[in-house]
Structures are given as structure tokens and as C-alpha cells.
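Engineer: Based on the hints, put chain B in the right spot on chain A.
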Amino acid sequence: MITRFLWQGMDRNLRLFVLLILAVGISLPLANLILAATNPAHVPSWVLQLVGKYLCYALLALAVDLVWGFCGILSLGHGAFFALGGYCMGMYLMRQIGSRGVYGNPILPDFMVFLNYKELPWFWHGFNHFWFAAIMVVLVPSVLAFALGWFAFRSRVTGVYLSIITQAMTFALMLAFFRNDMGLGGNNGLTDFKDILGYSVQADGTRAALFFASSVALALGLIISAAVVGSRFGKALTAVRDAESRMRFLGYRVEGFKLFVFVLSAAMAGVAGALYVPQIGIINPGEFAPGNSIEAVLWVAVGGRGTLIGPIIGAVLVNFGKTWLTGALPEVWLFALGALFIVVTLLLPKGIVGLWGQMKSRSQSRKARAPA
Amino acid sequence: MNAPTMRSTSALLYLSGVTVSFDGFKALNNLSLLIEPGEMRAIIGPNGAGKTTMMDVITGKTRPDTGEVVFDGQADLTKLDEASIATLGIGRKFQKPTVFENHTVRDNLLLALAGMRSWYRLLTAAPTKAENERLEEILSIIRMGPQQHMLGARLSHGQKQWLEIGMLLAQNPKLMLVDEPVAGMTDVETETTAQVLREVNKSHSVVVVEHDMSFVRALGVKVTVLHEGSTLAEGSLDQVSADPRVVEVYLGR
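Chains A and B, in that order, are what the protein sequence lines are. Counting from 1, one number per residue, gives the positions in the first sequence under the numbering used here. Counting from 1001, one number per residue, gives the positions in the second sequence under the numbering used here.
So that you can see chain A by itself, here it is in the shape it has in the complex (with noise of 0.2 Å):
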């Protein structure tokens, strides 16, 4: 049942494309941990670092494009539902510090001693299991979508009034979490962890496993989007998208159907960011950014909006442009950033895969119109 439920939407170009993310995720490490490092194929631990950090952007984009690109519900807030999956990972973390801490005590992170506190916050217990840890990464921004999406859909606002609520709510959460009473970590975040799951999260192994869960998490995704869409919800999904007072006009309760997806998309991007904390070795309160979640829809709008290969493609390649131009002319990335939704807007309305599509569909029809 669950399995032809997940095989629904794929199709051969999907498969191909799962079958290249696993293929990245094994290879990339193995290469790393088994050639010697004067073997030219050998991948610096730089570089896993960086592309681990692509895949988990690439699975937010994908979470942003579905319901943007299929549901037309533009989050500008989805940067709140990553950065909670990477406290909760970031509050695990924490607690496996032990009495290794800078202040030595084995219940309470060095900040909390610091800030005096005599005791662990409620919130916190629970945190020192991983299995705790992994069900919060996924239910606490699940929660909050689910809040914010039950009244947001049930009073039926929709468009620009939407993303503006979305916005507001990622940069509510930067403030509260910003402030040190909030028993996070303040403005230094959670960081200096030591172990996940009994491994250094310094050492190649844990890195490179890190990695591979990481592109097992993008292809699940994938594989669980593409389901979605692909079924007759997706059917209904994309024509609430379309014309959704149409849908309700034919006895949908087109709210069940935009839940559904939100929650889900706040889950997928929970899990990116719980991934992404333990291979950047920090969470703070500017991953709440408002500029973090704009940046989100841009992937998805360079690489093909309504998609579900497009925000993959296009999360990589603009973070791989971002890394390359803060590093060779790091003044330029803030004007090739907006030149590119600029050039995006205007000529690539359907982003590369479109691209890639039209160019295909003109290659065949001056095919057909040659003579035989």
C-alpha cells in the first residue's frame, strides 16, 4: 500500500534523478575517506562540508516549491521551519556535551550556567535522547504550520496577505529567539557540539555518514513529493493552485488540501534543518533571517517553479554561485543576487528545467516540420 503509494508519481526522469542524488551521497564520501589525499579524486572535507550543506538547502527548496509551485501558497517563512528542525537537532547536540563544557557541569550547557540558570528550562528535557530529539525535528514545525496554516486557510487568506503573515512570523521568531531568556542560547545559538549518537561530529566517518543521510533524506523527499503530486490530490492540489474558488464551487474544502501540504513542506524543511546543524557545527537566531527565506524562493524560481527537479537544480547551483562570488568578489553577491531575480523574472519564468523544456519542445517541432 505505502510503497505503491510512494512508486504513484515517479516517472523515468525522477527515478534517474533519485538513483544521482544516492549516487552523490555514496560516492562523495567514500571518495573522501578512502583515497589518499594526493589522489587528484580525492574530495577535501571541505567540500563534502559545502555540498552537504547544498543537499540540505536543495531539500528546503524542495519543500518551499511544493507549496508554492504546486499549491500557490508563496512562504516567505519556510527559512523558521528549517532553523526549528536545526534547534532541536542543536538542543540534542547540547545535551550530549555533557560535563565536557567549557564550565564543566554535566546537566546544564556552559550558556545556561553563564546566564545563572539553576536548573534545565521544561523544554529542554528529553532533548539528551536522539529519538526525542528526531520526532521533535519534525512535529515542532509541523506544529506551528499546522497553527499558522488552521487560521491563516480557515479565514481564507490567501496571496500577498499570506506571505506577509509567513515573513512576519520567521522574523517574530529571529526577536524571541535573539533574546536570552528564551533558554536557547541567545544571539551565540547552540554550538561547540562534541558527539551525535556516540561519534565525534569533527571525525571524517561522522561527516561522511552525516552526508549520506543527508542525500537519503533529498531522495525520501523527493520520492514522497513526487507521490503527492502525482496522485489525484495532486490533481486537486494544483487546481486549487489554478482557481481555487472554482474548486470549492465543486464541493472541495479546498483548506484540508493547502493543511495537508503546508504541515508536510514545514516537516521536510524541520528534517533539512536538523541535518544541516550538525554539518555546519552551529544554529543561531539569524538562520530566522526574513532574507533566508526569500533566498529560498529564489532557488526554487531559478530552477523551475512547480517542478520537482527544478528547486533541487536550482538550490545548488545559486548556493554554488554564492560560495564562489563571497569568496572571489564578496561585494558582488548582493547585486548578482537581486540581478539574477531580475533576469529570472523576465526571461526564465519557468527557471532552467522550463528552459531546458522549450528548448526541447522547439528541437521536436522543427524536427516534425522538416521533410521527411
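What the hints contain is simulated information worked out from the structure, not anything from laboratory work. All values derive from a computational prediction rather than experimental measurement. Be careful, since some hints might not be right.
[To be verified] Label-pair restraints from in silico Cβ distances:
1. B:His1157 / A:Ser27: 23 to 33 Å
2. A:Ile2 / B:Arg1154: 34 to 44 Å
3. A:Asp11 / B:Glu1101: 32 to 42 Å
4. A:Phe146 / B:Asp1023: 50 to 60 Å
5. A:Asp11 / B:Gly1220: 48 to 58 Å
[What the hints assert, rightly or not] List of simulated lysine to any residue pairs, SDA-like, C-alpha gap at most 25 Å:
6. A:Lys235 / B:Gln1095
7. A:Lys360 / B:Leu1151
8. A:Lys322 / A:Val43
9. B:Lys1222 / B:Gly1073
10. A:Lys235 / B:Glu1131
11. B:Lys1096 / B:Gln1195
12. A:Lys322 / A:Phe335
13. A:Lys235 / B:Thr1128
14. A:Lys235 / B:Met1144
15. B:Lys1160 / B:Thr1124
16. B:Lys1079 / A:Glu255
17. A:Lys235 / B:Gln1195
18. A:Lys194 / A:Phe130
19. B:Lys1174 / B:Glu1068
20. A:Lys360 / B:Ala1153
21. A:Lys235 / B:Ala1125
22. A:Lys235 / B:Gln1148
[To be verified] Below, a sample of chain A positions facing chain B; criterion: calculated Cβ distance under 7 Å:
23. Phe5
24. Ser231
25. Phe233
26. Ala236
27. Leu250
28. Tyr252
29. Gly256
30. Phe257
31. Phe260
32. Gly321
33. Lys322
For every residue, glycine included, the Cβ atom is placed at its ideal position computed from N, Cα and C.
Structural biologist: Below, chain B without anything else, positioned relative to chain A:
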């Protein structure tokens, strides 16, 4: 205050004393209307007579200020939302055809097909044999079998109107509200549409709002003339067009 006593009636649709005003302008003014089961009724009237507002009230898009709207002798439509009213069995075709442009003709009909509406069941459901047979049947009634895999966006205006009628059929409502089905159609298309609607009327009650007099004549059904939000005249097309008040409203003084 005592609850309004709902008149027991055999009518499928019963409107009584319905008033709707927008910023003081009365779009509907004490409008009453009775549609019997199995009937097809044509509603005509000049621009601004309140035809579309009446449709909006029946489908739950607009709430009337006062008045009763009763469907099937029991359901009070002024208390229900669009989705519930659609589920009760009232289908609507809009003035401007709004088919799903990024879906094929067949998928458009599949979405409209009565039954599956819950999002969680749709996640795993495949179209059943009965559903596929019904789709074929509708495709042949609206004469669009050959175009079933075309995207909605690529249909001509007339084809979109027929697809809309097909979508209404797929909903299998007790009552079909059809808003200006032949606007912008050629004469041949208009004639075909009248045939399609007469065929639809064999199994469904229909209310048609239309400007085109030759089309209304081709339908050959009872006509209600609306003017300034209330009923001006009712009867066969010949009767109402002989009515001096109707002539005055249409031709002006």
C-alpha cells in the same frame, strides 16, 4: 423572535423575499422564484438586473440581507458555505468559463466527478472502473472525446463552455445553474449548446441565465424576466415578449 417557519413546498428551489444590497444599491429587491424538480428555466434580463447576484446567493457566495432560500424542501442555503451547497447538489457554471487550464479535459472532468472530495482518500485513490465509464459517457454527451487529452488552456472558447457543462454533469447535481453558456459563441456552437442542454435536462433540473434570445427560443422553456433585482414577468418566451413592461425595459422609452 420566533424562528421563520419554512414553507413546506414540493419545489426544488424556493426563493422568497430575497434582498441583497451593496453599499445601498439593491442588487436583489424582494426577489421570489420557484423551480420545480425536472424543470428547465431560462432567466433573462438587462445588465444589472441581478442575474449573477441571484446565482451568488443560491451557491452561497453572497449572503442575502433578508429572505429565504430553500433547496429541496429542507436545506436553508443562507446558512451554508459553497462546498456544502455543492455537496447538497447544486452545480454552477460561471459566466466566464473557468476550466483548470493546466489539466487535461479528462482530468478536469475527473476533478468534477461526484464522490471523492476528501483530501486523505484522494492521496491513494485511483480512478475506478465506474468513474472511467462515467467519464466516457460525459465526454460523448459534450462531444469532446477526441480532445480529452488536450490541456484546458488550449481549448477554444466554445470547447471551454462545453467542458464546463460536462464538469457540471460530472458533479451530477440535482440543480444546474448555467450562467451565459453561449456568450461569444458562433451560431452553430449556440445551436449545439442548446441541444446539449436539452439532453442534460432529461436527467437534471437546469436554470439558465442568458442574453441571447435566439438561444432562449431554441431551448423552448418557461422564461423569467428579471429587472432591478426582482421578477418582472414569467411565462413562455412569446408571452413575456408581448408584455409591454418587458418591451419597455429592453427597448427603453
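Engineer: Answer holds if the nearest beta-carbon of chain B is closer than 7 Å to that of Phe233 (chain A); otherwise answer violated.
Structural biologist: Result: holds, 4 Å to nearest chain B Cβ.
Engineer: Does the interface hint hold: is Gly321 (chain A) within less than 7 Å of chain B, judged Cβ to Cβ?
Structural biologist: Constraint on Gly321 (chain A) not satisfied, violated at 30 Å.
Engineer: Can the restraint linking Lys194 (chain A) and Phe130 (chain A) be considered satisfied, given a maximum Cα separation of 25 Å?
Structural biologist: holds (14 Å)
Engineer: Does the nearest C-beta of chain B fall within a distance shorter than 7 Å of the C-beta of Ser231 (chain A)?
Structural biologist: holds (5 Å)
Engineer: Hey, Lys1174 (chain B) versus Glu1068 (chain B), does the alpha-carbon distance stay inside 25 Å?
Structural biologist: At roughly 19 Å apart (the allowed maximum being 25 Å), Glu1068 (chain B) and Lys1174 (chain B) satisfy the hint.
Engineer: Would you check the hint for Lys235 (chain A) and Gln1195 (chain B), treating anything up to 25 Å between C-alpha atoms as holding?
Structural biologist: Measuring from Cα to Cα gives roughly 31 Å; hence the hint is violated.
Engineer: Mind checking the CB of Gly256 (chain A) against every CB in chain B and telling me if the closest is under 7 Å?
Structural biologist: holds (4 Å)
Engineer: So, as I understand it, the hint says Tyr252 (chain A) touches chain B; can you test that by seeing if any CB pair is closer than 7 Å?
Structural biologist: Since chain B brings a Cβ to about 6 Å from Tyr252 (chain A), closer than 7 Å, the hint holds.
Engineer: For the pair we were handed, Lys1160 (chain B) and Thr1124 (chain B), check the Cα-Cα distance against 25 Å.
Structural biologist: violated (29 Å)
Engineer: Would the stated hint for Ala236 (chain A) survive a check requiring a Cβ distance to chain B of less than 7 Å?
Structural biologist: Check passed: Cβ of Ala236 (chain A) comes within 6 Å of chain B, closer than 7 Å.
Engineer: The hint says 34 to 44 Å between Ile2 (chain A) and Arg1154 (chain B); measuring C-beta to C-beta, is that right?
Structural biologist: Roughly 36 Å apart at Cβ, these two residues keep to the hinted range, so it holds.
Engineer: Taken at face value, is the distance from the CA of Leu1151 (chain B) to the CA of Lys360 (chain A) at most 25 Å?
Structural biologist: holds (19 Å)
In this structure, the hints that do not hold are numbers 1, 3, 4, 15, 17, 32, 33, in rising order.
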